[in-house]
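Student: Here is how the chains run, residue by residue.
There are 2 protein chains.
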Amino acid sequence: MNKRFKKLFVPAMAVAVLAASAAAIAQQAPKPENLIKWRQSAFQVIAWNSGRIKASVEGQYNKDEVVKAANTIAAVANSGLGGLFAPGTEQGKGWHDTTAKPELFKDGNKHFADLGASFAKEAAELAAIAPNGDVTAVKAQYAKLTRTCKACHDDFKAKD
Amino acid sequence: MNKRFKKLFVPAMAVAVLAASAAAIAQQAPKPENLIKWRQSAFQVIAWNSGRIKASVEGQYNKDEVVKAANTIAAVANSGLGGLFAPGTEQGKGWHDTTAKPELFKDGNKHFADLGASFAKEAAELAAIAPNGDVTAVKAQYAKLTRTCKACHDDFKAKD
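Residue numbers (this note's numbering), protein chains in the order written: chain A, 969 to 1128; chain B, 969 to 1128.
Hints listed in this document are in silico derivations from the structure and should not be mistaken for laboratory results. Just so you know, nobody snuck in bad clues.
Capping the alpha-carbon separation at 30 Å, the derived lysine-lysine pairs in DSSO-like fashion look like this:
{"id": "1", "chain 1": "B", "residue 1": "Lys1074", "chain 2": "A", "residue 2": "Lys1031"}
{"id": "2", "chain 1": "B", "residue 1": "Lys1112", "chain 2": "A", "residue 2": "Lys999"}
{"id": "3", "chain 1": "B", "residue 1": "Lys1022", "chain 2": "A", "residue 2": "Lys1078"}
Being a predicted model, the structure only gives us computed values, none of them experimental.
Generate the whole structure from the sequences, applying the supplied hints.
Tutor: Rendered as structure tokens:
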């Protein structure tokens, strides 16, 4: 490599590497307001589908509705929701101001990791039993699932 | 049944039946603004997960991320999204004014049924192949999936 070429080439390469890294970082780090909007959306999707299961277990049982709703909750619960509570999202506005309490973010999101894992486990179990159509079993498992919602909301969700 | 008993019992039963039906109807029919909020939320959850797959196929491939994201999109796409476009939700506000064009609701939601079925099919296919980790196949299937998003948005979604 001659001197003149080196003078041009090395800085150009450095710029290219930095640009590529910046692009990679930009890709990996959505804006906090998007993360908050997405988590608020994810919990609304869970609420919609929880309501469908509730309507079935308390009223006219519709197996197809329960299977679809349970699958959706299980997928969202196991989607990696913890990533939507990344550092930098302790405060801020998605669709509305976050209702996550500051305590949720302490100790490297340990609380969300623990409570989220229980939620994901019970949701997966509900999705697994729903196709059998045993209403009593679905009702009992749905109750277990909603207890995991309540456990987290009681401690870590401010009233809307 | 004696006359006096009949006089009390029959109207009481009629009231009970009506009350039960009213409860069932109330359970089955969430408010239009909730349906709109839920569909806006569902599409945000899809956008979040689509972005995760895009970041993987265009940058550093992360199989675990792609599997979770593809599962979530498939579950939401197959959750019965058509129910969130029920009559009465042609106009109105969820998180914001609906961006669904009036044409989407014509002919008994035929358009949503057709386009939604393509979307659900391609999403299920992506979720099915994602665990194999074949990046080229995932990339091709992800492109097929996003074409189904675009096909519907082009004709039936107003600009935000």
